[in-house]
Structures are given as structure tokens and as C-alpha cells.
Amino acid sequence: MAIPVAVLPTRKRVVSLGLTGSSYAHFIDEVMDRGRQRKPAYACLANAHMVVEAARNPAFADAVNAATWVTADGVPLTWALRFLHGYRQERITGLDVMPTLLSKAARTGLSVYVYGSTPAVLFRFQEFCAQHHPSLRIAGTHSPPFRAFTPDEEIRAAEAISASGAQLVFVALGCPKQEKWMAAMSDRIPAVLLGVGGALPVTIGLQTRAPRWMQRSGLEWLHRFLAEPRRLFSRYVVTNSLFLYYVARQRLRLIMSDRMSE
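For what it's worth, the working numbering labels the leading residue of the sequence shown as 16, then goes sequentially.
Just so you know, not all the hints are guaranteed correct.
Claimed, not checked - Heads up, simulated DMTMM-like pairs for lysine to aspartate or glutamate below, C-alpha to C-alpha not over 20 Å straight-line: (1) 119 <-> 77; (2) 27 <-> 142; (3) 192 <-> 202; (4) 27 <-> 48; (5) 119 <-> 202; (6) 195 <-> 68; (7) 119 <-> 168; (8) 195 <-> 273; (9) 192 <-> 168; (10) 27 <-> 68; (11) 27 <-> 202; (12) 54 <-> 68; (13) 192 <-> 68.
Claimed, not checked - Derived DEER-like restraints, expressed as beta-carbon distance ranges: (14) 103 <-> 202: 45 to 51 Å; (15) 122 <-> 246: 34 to 40 Å; (16) 271 <-> 40: 23 to 29 Å; (17) 267 <-> 232: 24 to 30 Å; (18) 248 <-> 122: 25 to 31 Å; (19) 103 <-> 229: 16 to 22 Å; (20) 269 <-> 124: 31 to 37 Å; (21) 174 <-> 98: 23 to 29 Å; (22) 271 <-> 178: 19 to 25 Å; (23) 271 <-> 221: 29 to 35 Å; (24) 161 <-> 274: 22 to 28 Å.
Read the hints as simulated data drawn from the structure, not as lab findings.
Ideal Cβ placement from N, Cα and C applies to all residues, glycine included.
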């Protein structure tokens, strides 16, 4: 029988990542509270792609596991938690988190910053907020170059975000770049950093989200794949197969460990 999320331990391992046990509401409350106090923190919203990247790259796994929160963004991770550990974990995905936090920040006066994406998307973000969240305080936006950042660029970015007074920073650089950036920058920025990646264009209406039945069935990836099959073939077909392999291998090791301890 699955154990309710309310009694989950703080972290439970799925392949190379330790996932945070939390209800969606509790996670949002913690983010808002830390943002209000301008306490440095960062959240990695993990999916199957991130798990596979972490399994292949120990340094990347360290960057993710050092986060304040590592949530189960994708349904496959919630299934893996139940399959491996018998825990029922609520999904905490950027596609829900970003609109929730924008709404709450607008109501409570927290200021937000968006770092990443393109100038056109950031312009649309400001238009969207002016229409849907007119009271939202936007501390700033910045579209960095699509290449490796120099040390000076990283320092200037951290200084600009800190000086803006931002309390919530949505980082849209894509995986694994945004997770590495947050791990490197978190101590320099007194705000909560959230790696939202592809949630930004969906939130502001530039892309559509999968129907509710696909979300509940764990098929949201299929909706995205059908929209961009060439770009996402390797990520979803190859990566998802590797994810299933890694989880099955971990399950087998857990079974063998239990038998040896009897």
C-alpha cells in the first residue's frame, strides 16, 4: 500500500536524484515564504530527462541534489517513487508552479524576475502579465546569450538580479543549463530560483499544454513530442527508454538488497 505524501521522508532516491517529498500546496508555501524573506534557495523540477542526464553526469547530479527542493515534475517520476519505494507523491510541475506563483506574487506583492529564453518571449511575458496580473511587480527580465557564459557575465547577471530586489526568479535556460546555473548562482542571489524551462512559453500562451486526460495519464510528453517530433525524438524515445531501464535496475537492486538482509 502506498504511503501518503504527508509522511514522506525529505528525500527519496530515484536513480541518481533525491526527490523531495512534499504536497504541492506545501511546496508553494515554502517558496513564497523564502521569497518573502529573500532567502537564497533554488528548485529543480525533475523529469525523466533530468534523471537520465544525472545518471550520465555525476557533476550534474550533484548540482541538482544540492537544490533546496527537487520535485517530481513528470508523472513518470511519481510512478517511479511508488514502484521503488511505495510512496504516493503529488506531481509538482513547472507548468502548474509558474502560473500559481505569478498569481500569488501579484496578490501578495512579491517581485519576480525572468532570466533566460529569448527577447521576444520575454516581451510577450510582460504583455501577458500586464493583461492577466496587472498588479504583479516585475523586477526585471534578461535574455542571456545562447552559449557558455563567461565568469564576468555570470557575476554581472547575479549582481543585476540581486540589485533588482527580485524575490522569485524564473530561470528558463533549459535542462541541464538552468540547473547548473542555479547551483552556481544561488549563494550570490537573495531570492528563490526556479528552473521552469519550457513552462514559460506555455504559461504565457505561446504554446499549448496537453489536455487534462493526457496530463493525468502521464502522456504529456507525447503531446509535446507530436508537436515537435524531429527536435524531441532523441529526448523522448531514447531518453524515456533509458529512464525505464535505470528504474528497473534500481528496483532489482532493492529487491536483491532486501533478500540479502533477511
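Evaluated hints:
no.	hint	result
1	119 <-> 77	violated, 31 Å
2	27 <-> 142	violated, 40 Å
3	192 <-> 202	holds, 17 Å
4	27 <-> 48	violated, 24 Å
5	119 <-> 202	violated, 25 Å
6	195 <-> 68	holds, 12 Å
7	119 <-> 168	violated, 31 Å
8	195 <-> 273	violated, 35 Å
9	192 <-> 168	holds, 15 Å
10	27 <-> 68	holds, 18 Å
11	27 <-> 202	violated, 25 Å
12	54 <-> 68	violated, 28 Å
13	192 <-> 68	holds, 11 Å
14	103 <-> 202: 45 to 51 Å	violated, 34 Å
15	122 <-> 246: 34 to 40 Å	holds, 37 Å
16	271 <-> 40: 23 to 29 Å	violated, 37 Å
17	267 <-> 232: 24 to 30 Å	holds, 26 Å
18	248 <-> 122: 25 to 31 Å	violated, 41 Å
19	103 <-> 229: 16 to 22 Å	holds, 21 Å
20	269 <-> 124: 31 to 37 Å	violated, 46 Å
21	174 <-> 98: 23 to 29 Å	violated, 45 Å
22	271 <-> 178: 19 to 25 Å	violated, 54 Å
23	271 <-> 221: 29 to 35 Å	violated, 47 Å
24	161 <-> 274: 22 to 28 Å	violated, 50 Å
In summary, the structure is inconsistent with hints 1, 2, 4, 5, 7, 8, 11, 12, 14, 16, 18, 20, 21, 22, 23 and 24 from the numbered list given earlier, while agreeing with the others.
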